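Each chain, written out:
Number of protein chains: 2
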Amino acid sequence: MSITENIFAEFKEHSVAEFFKKNQQMLGFSGKTRSLTTIVHEYITNSLDACEEAGILPEIKVVIKEVDRESGRYLVIVEDNGPGIPEKHIGKALGQMLAGTKFHRYAQQRGQQGIGASGCTMYAQITTGKPIKVESRYDNKKINCEIAIDLKSNAPKVMNLVKAEGNFGHGLKVEAEVADVKYDMSSFGVYEYVRRTAIANPHLHIELVDPLNQKFVFPRSSEHIPPKPITVKPHPLGITTNDLIDFAHREKECIRISSFLQERFARVSPSKIDELKQLLPDVDFNKKPSELTWSEAEKIVKAIHDPKIKWIAPATDSLRPIGKEHIEKSLANILAPQYLVVVERPPKIYKGGIPFMVEVGLAYGGGAGKKNATENGSQSEIIRYANRAPLLFDNAGCAITEAAKSIDWKRYGLKNFEEEPLTIFVNISSVYVPYTSAGKQAISGEEEIFQEIKNAMMEAARDLQRYIAGLNREKERGARKKAILRYVSQLSKDLADLAGKEKPEEIEKKLIQLIETKYSTQIEEQEDEEAPAEEEVKEEEIEE
Amino acid sequence: MSITENIFAEFKEHSVAEFFKKNQQMLGFSGKTRSLTTIVHEYITNSLDACEEAGILPEIKVVIKEVDRESGRYLVIVEDNGPGIPEKHIGKALGQMLAGTKFHRYAQQRGQQGIGASGCTMYAQITTGKPIKVESRYDNKKINCEIAIDLKSNAPKVMNLVKAEGNFGHGLKVEAEVADVKYDMSSFGVYEYVRRTAIANPHLHIELVDPLNQKFVFPRSSEHIPPKPITVKPHPLGITTNDLIDFAHREKECIRISSFLQERFARVSPSKIDELKQLLPDVDFNKKPSELTWSEAEKIVKAIHDPKIKWIAPATDSLRPIGKEHIEKSLANILAPQYLVVVERPPKIYKGGIPFMVEVGLAYGGGAGKKNATENGSQSEIIRYANRAPLLFDNAGCAITEAAKSIDWKRYGLKNFEEEPLTIFVNISSVYVPYTSAGKQAISGEEEIFQEIKNAMMEAARDLQRYIAGLNREKERGARKKAILRYVSQLSKDLADLAGKEKPEEIEKKLIQLIETKYSTQIEEQEDEEAPAEEEVKEEEIEE
Numbered sequence: 001m002s003i004t005e006n007i008f009a010e011f012k013e014h015s016v017a018e019f020f021k022k023n024q025q026m027l028g029f030s031g032k033t034r035s036l037t038t039i040v041h042e043y044i045t046n047s048l049d050a051c052e053e054a055g056i057l058p059e060i061k062v063v064i065k066e067v068d069r070e071s072g073r074y075l076v077i078v079e080d081n082g083p084g085i086p087e088k089h090i091g092k093a094l095g096q097m098l099a100g101t102k103f104h105r106y107a108q109q110r111g112q113q114g115i116g117a118s119g120c121t122m123y124a125q126i127t128t129g130k131p132i133k134v135e136s137r138y139d140n141k142k143i144n145c146e147i148a149i150d151l152k153s154n155a156p157k158v159m160n161l162v163k164a165e166g167n168f169g170h171g172l173k174v175e176a177e178v179a180d181v182k183y184d185m186s187s188f189g190v191y192e193y194v195r196r197t198a199i200a201n202p203h204l205h206i207e208l209v210d211p212l213n214q215k216f217v218f219p220r221s222s223e224h225i226p227p228k229p230i231t232v233k234p235h236p237l238g239i240t241t242n243d244l245i246d247f248a249h250r251e252k253e254c255i256r257i258s259s260f261l262q263e264r265f266a267r268v269s270p271s272k273i274d275e276l277k278q279l280l281p282d283v284d285f286n287k288k289p290s291e292l293t294w295s296e297a298e299k300i301v302k303a304i305h306d307p308k309i310k311w312i313a314p315a316t317d318s319l320r321p322i323g324k325e326h327i328e329k330s331l332a333n334i335l336a337p338q339y340l341v342v343v344e345r346p347p348k349i350y351k352g353g354i355p356f357m358v359e360v361g362l363a364y365g366g367g368a369g370k371k372n373a374t375e376n377g378s379q380s381e382i383i384r385y386a387n388r389a390p391l392l393f394d395n396a397g398c399a400i401t402e403a404a405k406s407i408d409w410k411r412y413g414l415k416n417f418e419e420e421p422l423t424i425f426v427n428i429s430s431v432y433v434p435y436t437s438a439g440k441q442a443i444s445g446e447e448e449i450f451q452e453i454k455n456a457m458m459e460a461a462r463d464l465q466r467y468i469a470g471l472n473r474e475k476e477r478g479a480r481k482k483a484i485l486r487y488v489s490q491l492s493k494d495l496a497d498l499a500g501k502e503k504p505e506e507i508e509k510k511l512i513q514l515i516e517t518k519y520s521t522q523i524e525e526q527e528d529e530e531a532p533a534e535e536e537v538k539e540e541e542i543e544e
Numbered sequence: 001m002s003i004t005e006n007i008f009a010e011f012k013e014h015s016v017a018e019f020f021k022k023n024q025q026m027l028g029f030s031g032k033t034r035s036l037t038t039i040v041h042e043y044i045t046n047s048l049d050a051c052e053e054a055g056i057l058p059e060i061k062v063v064i065k066e067v068d069r070e071s072g073r074y075l076v077i078v079e080d081n082g083p084g085i086p087e088k089h090i091g092k093a094l095g096q097m098l099a100g101t102k103f104h105r106y107a108q109q110r111g112q113q114g115i116g117a118s119g120c121t122m123y124a125q126i127t128t129g130k131p132i133k134v135e136s137r138y139d140n141k142k143i144n145c146e147i148a149i150d151l152k153s154n155a156p157k158v159m160n161l162v163k164a165e166g167n168f169g170h171g172l173k174v175e176a177e178v179a180d181v182k183y184d185m186s187s188f189g190v191y192e193y194v195r196r197t198a199i200a201n202p203h204l205h206i207e208l209v210d211p212l213n214q215k216f217v218f219p220r221s222s223e224h225i226p227p228k229p230i231t232v233k234p235h236p237l238g239i240t241t242n243d244l245i246d247f248a249h250r251e252k253e254c255i256r257i258s259s260f261l262q263e264r265f266a267r268v269s270p271s272k273i274d275e276l277k278q279l280l281p282d283v284d285f286n287k288k289p290s291e292l293t294w295s296e297a298e299k300i301v302k303a304i305h306d307p308k309i310k311w312i313a314p315a316t317d318s319l320r321p322i323g324k325e326h327i328e329k330s331l332a333n334i335l336a337p338q339y340l341v342v343v344e345r346p347p348k349i350y351k352g353g354i355p356f357m358v359e360v361g362l363a364y365g366g367g368a369g370k371k372n373a374t375e376n377g378s379q380s381e382i383i384r385y386a387n388r389a390p391l392l393f394d395n396a397g398c399a400i401t402e403a404a405k406s407i408d409w410k411r412y413g414l415k416n417f418e419e420e421p422l423t424i425f426v427n428i429s430s431v432y433v434p435y436t437s438a439g440k441q442a443i444s445g446e447e448e449i450f451q452e453i454k455n456a457m458m459e460a461a462r463d464l465q466r467y468i469a470g471l472n473r474e475k476e477r478g479a480r481k482k483a484i485l486r487y488v489s490q491l492s493k494d495l496a497d498l499a500g501k502e503k504p505e506e507i508e509k510k511l512i513q514l515i516e517t518k519y520s521t522q523i524e525e526q527e528d529e530e531a532p533a534e535e536e537v538k539e540e541e542i543e544e
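Respectively, the protein sequence lines represent chains A and B.
Counted from 1, the first sequence has number 286 at position 286 by our numbering; the numbering is strictly sequential.
Counted from 1, the second sequence has number 386 at position 386 by our numbering; the numbering is strictly sequential.
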């Protein structure tokens, strides 16, 4: 055997499950605290998605039991009242990587890849050797089983299946025994994850039982079930050449490129096809989509971006924001702040064709700000969400954090941003949220998204500024009054002496009236001066 | 169909290639500059690994051609003098994800997952629709072909294959046309990647031709071919229960658990087996490895860590450090600093059983420090490597950066660490380098590794301190001499007058001698005072 042949003698193929076993950190399994949060995140996310799709008002119970502290062994139990998973699919849903319902779907949902829950099964398996336990109730059936993954083949193993018939309601309960994890009250832990999930999902009733058997209940503040996510057609301005080829070569119904474009993409009318044809006389729009070549697709994408063609903006009805009033209720309910402002802005578009929407809430005073703040005062916190799912990690690289840092908070009356009793809530809704990395924990800094987050924060901050200015005025007014009135009594007596009058009380009364009037006028004048500098703010917006 | 069935009607499985197409950032394809660097990195890494395995002194040529600036379309050509890839394997090696020779191998190599080069093929395909072009020369054969991936099935497509026989030497040339990338001279760009690769691989001759057709040549500074990486047996202290089960159930030769443990792991002697047996009377060490249960494996792993059993530390001959003299040559060659110190420390162990080794170089003055420093002075830089491959990204979360930041550089005479003309070179060698994230760009902060990096840096810094102290003394000495000597002439005259002598020149001569002697003595005394505070440094080491 030659050297070259020798080197390649060991050539082998590996399963995706083996790959993720070696690269657990890609799935969020890095660090003990984060690993536990990842598991809870995956199960809660699946439960919420399933409830929303089935139109059920969600109820979730999370139980974390300590099995062995030394090896970081815990039992994680997550139970929901969702639609359950049918027997036929349960193995693949929880015991096979890259199998799922949402991979190619173009709709706003939390999960997407069909890896999450199976990743948890893998993690249980490789840290404790135990399969997960599942109970699924649906359609007058109840199934109990254990599920593992055959890592070599990425095939699900369903074991000890027990079936029953009868009215068991509906829901799913998963139980995973994992090791090398840790339960703690840090801002990366399970408690914080559950709390933040409750804030962004006012229709959710969620309970957490911690390893000390303490029960935390976050009741719903709204009975409104969010509308089902809808699958939308992509807008032409948002697609790449490769997307177009992909769609075209997967096409099974339309027999012409022209009808395919109209059928599969949003806002493509017959007149738009005519405009494209005019720009591209060489491209045959009558041939089969499967015959579309790369260079033709490239030309079509280029023509789509030609300024001669005016596109109607994409519909934004695919977006499922939380809603201003729901966020208000929820923040009031959970943080009980002294002041609260929520800003809901109309949907925007990024990369030309992908709709997104930003919701921002500022909660000030009361229970707002970081929970475990230092003794000598408050600490501000930014709670970040993408499609209502909390983002706890990779804070530094996130567009939300960067937008907050780019704002001159002093201008809005917050003298020391880091040390204010302030919670900044930001939720970004989109069918396609651009994450910076595999962990899906930070939003990438697309210009339109960064700017929109910043604008929304500034809009909310202008409102908060008025409240803080009022607080400050109140304080100052009190302090000045006190200072001036301290001398009034003496001054009155002196004035009475000076004027030769005998009733200093009357002079004092008039003096006080005079001071208070004068003082109020001054304040009003000051108020005008202190009004938010709208012009400047706009300038700042343009600068960026 | 019930709601539940309806939700799962779309259940589908997806290929790992489709997954990575949707999650390109996991493979390093995020951002235009980084995407290009990733491609160059994958090809160079493969070339170096292949040359090392074949015992060839590597020569690599990288050519980047601009095809279309607007769409960021470039041609990347990487050519090496390695062993080539046989026809039989070329499709899988460059056109299939998770296929490769190194996945389960326990040896110190740059590549591991069998994804890198196939990831580049995918990226070319989805950004330009073009397959990569390959020329492979080996064993008196030359093959030319084009390679793409069938993304739906993750199967390689080899096209337009042309074969020739004759003496063509050996080597591999790959040509990928990609878009959505950018060539720049930033610290994240291809030039910097190539420069840093040259620094850590003194036996490599590498050339880069940039889009302006400028040629940069980094000639080798050493003819020494690094020894072939060797595959080592894992040390018992480094394995998890799951590893043990995995190995046992894959075992095909050994028929007993006892012989399997001795055969497959390092430092397991018959007497160690006896000790294990004594600790675990319930475990049957005579049964087949395939019958090992999780709970038995768990017990064995626990017993391995029992303080009663003393293990010989793992062999460290699997480590392939660069070597002190090679690093010195290379840094001198490429940075031409005023002062250079390289510290080579003996191998250490982390997580109980995984050997690793840290090499640190400090280059000061001359061409050291950041290339594109600000006008008003120098900027220090940290150049990070894992197994000689440069780590350009995720600088913030890396143990190397954190170790550098944890050092009080003032103590070593560097007044403003950020603004010194300083290059800190760090290379970590290990069969298993613990990365923080998928991108393999940052070393995770394992305690032993962090501490070892810090100690190595401090050791080098103590040496550098002497040089800097010398520089400072030199400066001070000059300044003082000047100041004192300014008055010597006048003083001599005055003394001559006072003493009634007539030759002030003689007095001046004696005076100068006196001052210089006195002055030198003072300096020597100072030197003693300023000597590196070894005690303190050790204390600091212990504190951590």
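Treat the hints as calculated values from the structure; they're not laboratory data.
Please note: incorrect hints may appear among the correct ones.
What the hints assert, rightly or not - Computed list of lysine to aspartate or glutamate pairs in EDC-like fashion (alpha-carbon distance at most 20 angstroms, straight line):
| hint | chain 1 | residue 1 | chain 2 | residue 2 |
| --- | --- | --- | --- | --- |
| 1 | B | 88 | A | 13 |
| 2 | B | 12 | A | 87 |
| 3 | B | 12 | A | 291 |
| 4 | B | 152 | A | 146 |
| 5 | A | 157 | B | 210 |
| 6 | A | 157 | A | 146 |
| 7 | A | 12 | B | 275 |
| 8 | B | 173 | B | 59 |
| 9 | A | 302 | B | 87 |
| 10 | A | 351 | A | 446 |
| 11 | B | 173 | B | 223 |
| 12 | B | 182 | A | 284 |
| 13 | B | 351 | A | 87 |
| 14 | A | 22 | B | 446 |
| 15 | A | 157 | B | 59 |
| 16 | A | 152 | B | 87 |
| 17 | B | 157 | A | 59 |
| 18 | B | 310 | B | 275 |
| 19 | A | 405 | A | 474 |
| 20 | A | 288 | A | 317 |
Said to hold, decoys possible - One-sided excerpt, in silico: chain A residues whose CB lies under 8 angstroms from chain B:
| hint | residue |
| --- | --- |
| 21 | 4 |
| 22 | 19 |
| 23 | 24 |
| 24 | 75 |
| 25 | 77 |
| 26 | 79 |
| 27 | 83 |
For clarity, every value in this text was computed on a predicted model and none was experimentally measured.
For every residue, glycine included, the Cβ atom is placed at its ideal position computed from N, Cα and C.
Q) Is the Cα-Cα distance between residue 351 of chain A and residue 446 of chain A 20 angstroms or less? A) Roughly 8 angstroms between the alpha carbons, so the hint for residue 351 of chain A and residue 446 of chain A holds.
Q. Taking only the CA atoms, is the gap from residue 12 of chain B to residue 291 of chain A under or equal to 20 angstroms?
A. Cα-Cα ~26 angstroms, so violated.
Q: Please work out if residue 288 of chain A and residue 317 of chain A have their alpha carbons no farther apart than 20 angstroms.
A: Violated, because 31 angstroms separates the two Cα atoms, which is more than 20 angstroms.
Q) Under the criterion of a CB-CB separation shorter than 8 angstroms, is residue 77 of chain A in contact with chain B as hinted? A) 21 angstroms, violated
(Q) Run the distance test for residue 310 of chain B versus residue 275 of chain B: straight-line Cα separation, threshold 20 angstroms. (A) 10 angstroms, holds
Q) Is it true that the CA of residue 12 of chain A sits at most 20 angstroms from the CA of residue 275 of chain B? A) It is violated: about 37 angstroms lies between the C-alpha atoms, which goes past 20 angstroms.
**Q.** Distance restraint between residue 157 of chain A and residue 210 of chain B, which requires alpha-carbon spacing of 20 angstroms or less
**A.** Violated: residue 157 of chain A and residue 210 of chain B sit about 53 angstroms apart, past 20 angstroms.
Q. Hey, residue 88 of chain B versus residue 13 of chain A, does the alpha-carbon distance stay inside 20 angstroms?
A. 14 angstroms, holds
**Q.** Distance restraint between residue 157 of chain A and residue 59 of chain B, which requires alpha-carbon spacing of 20 angstroms or less
**A.** Not satisfied, since the Cα-Cα distance of roughly 49 angstroms exceeds 20 angstroms.
Q. Holds or violated: is the Cβ of residue 83 of chain A closer than 8 angstroms to a Cβ in chain B?
A. Constraint on residue 83 of chain A satisfied, holds at 4 angstroms.
Q | Restraint check for residue 173 of chain B with residue 59 of chain B, where alpha carbons must lie at most 20 angstroms apart | A | Holds - the C-alpha atoms of residue 59 of chain B and residue 173 of chain B are around 12 angstroms apart, at most 20 angstroms.
Q. Does residue 146 of chain A lie within 20 angstroms of residue 152 of chain B when you go C-alpha to C-alpha?
A. Given that 20 angstroms is the threshold and the Cα spacing comes to 30 angstroms, the pair is violated.
Violated hints, in rising order: 3, 4, 5, 7, 9, 11, 12, 13, 15, 16, 17, 19, 20, 23, 24, 25 and 26; the structure is consistent with all others.
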